[in-house]
Amino acid sequence: MTIKEVSTMYNISADTLRYYEKIGLIDPVKRNENGIRDYKEIDLKRIQFLKCMRLSGLSIDMLLQYIELLHQGEHTIPQRKEILMKQREVILLKMKELQETLEHLNKKIETYDDVLLEIEKTMS
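Heads up: the sequence shown is residues 1 to 124, going by our numbering.
Note that these hints are calculated values from the structure, not bench results. As the structure is a prediction and not an experimental result, all values here were calculated from the model. Hints are supplied without guarantee of correctness; some may be wrong.
As the list claims (entries may be wrong) - No more than 16 Å apart at the CA atoms, straight line, and that leaves these computed lysine to aspartate or glutamate pairs for EDC-like:
#  : residue 1 : residue 2
1  : K22       : D61
2  : K40       : E5
3  : K40       : D27
4  : K22       : D43
5  : K4        : D43
6  : K4        : D15
7  : K22       : E68
8  : K30       : E41
9  : K45       : D61
10 : K30       : D43
11 : K51       : E21
12 : K4        : D38
13 : K45       : D27
14 : K81       : E100
15 : K45       : E5
16 : K51       : D15
17 : K86       : D113
18 : K86       : E110
19 : K51       : D61
20 : K40       : D61
To be verified - With beta-carbon atoms standing in for the labels, derived distance ranges:
#  : residue 1 : residue 2 : range
21 : E33       : E97       : 49 to 55 Å
22 : E103      : R31       : 49 to 55 Å
23 : V90       : Y19       : 20 to 26 Å
24 : K107      : R54       : 29 to 35 Å
25 : K22       : I42       : 15 to 21 Å
26 : I42       : E110      : 28 to 34 Å
27 : H104      : L84       : 41 to 47 Å
28 : E110      : K22       : 47 to 53 Å
29 : L93       : L44       : 27 to 33 Å
30 : K51       : L98       : 17 to 23 Å
For every residue, glycine included, the Cβ atom is placed at its ideal position computed from N, Cα and C.
Construct the complete structure from the given sequences, taking the supplied hints into account.
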């Protein structure tokens, strides 16, 4: 796949993909005979993982640390797992906070619905 196709598929800019490659989050992408990047399935899996982790709030620095551990081999699995477990806790906390915010908004909307209903009653 070309960089444009990958960019469209994952809704990530081509500049971001090039940056990820430049800093080592993505291994150097093979190029075709015309010098155009040709992303393979393994590249796509890494990009999907990176996008997911970035959306979860994981920093570029933490992703670089994770990828460095990945390159060091299987003996780093416990450290990689720890990074993911910590991020899961961050996500769970965010979800809890968002749920509380949603409940607050729902109550506020319900209050406005009640006020509007009273106004409509007085207009009838």
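Problem set entry | Agreement of K45 and E5 with the hint, judged by alpha carbon distance not exceeding 16 Å | holds (14 Å)
Exercise. H104 and L84, beta-carbon distance inside 41 to 47 Å?
Worked result: violated (30 Å)
Exercise. Is it true that the C-beta distance of I42 to E110 lies inside 28 to 34 Å, as the hint says?
Worked result: Once the Cβ atoms are compared, 50 Å apart, the range 28 to 34 Å for E110 and I42 is violated.
For this session: Given the hint of 27 to 33 Å, check if L93 and L44 actually sit that far apart at their C-beta atoms.
Result: holds (30 Å)
Exercise. Within a Cα-Cα threshold of 16 Å, do K51 and D61 meet the stated pairing?
Worked result: OK: K51 and D61 at ~14 Å, within 16 Å.
For this session: Measure nothing beyond the straight line between the CA atoms of K86 and E110; if it is 16 Å or shorter, mark the hint as holding.
Result: Not satisfied, since the Cα-Cα distance of roughly 36 Å exceeds 16 Å.
For this session: Evaluate the given range 47 to 53 Å for the C-beta pair formed by E110 and K22.
Result: Holds: the Cβ-Cβ distance is about 51 Å, inside 47 to 53 Å.
Exercise. Does the structure keep K45 and D27 at a Cα separation of 16 Å or less?
Worked result: holds (12 Å)
Exercise. Holds or violated: K45 with D61, Cα cutoff 16 Å?
Worked result: violated (20 Å)
Problem set entry | Hinted pair K40 and D61, Cα distance within 16 Å | Not OK: K40 and D61 at ~25 Å, beyond 16 Å, violated.
Problem set entry | Restraint check for K4 with D43, where alpha carbons must lie at most 16 Å apart | holds (14 Å)
Problem set entry | Satisfaction of hint between E68 and K22, Cα-Cα up to 16 Å | Given pair K22, E68 holds - Cα atoms ~14 Å apart, limit 16 Å.
Violated hints, listed in ascending order, are 9, 14, 17, 18, 20, 26 and 27; each of the other numbered hints is respected by the structure.
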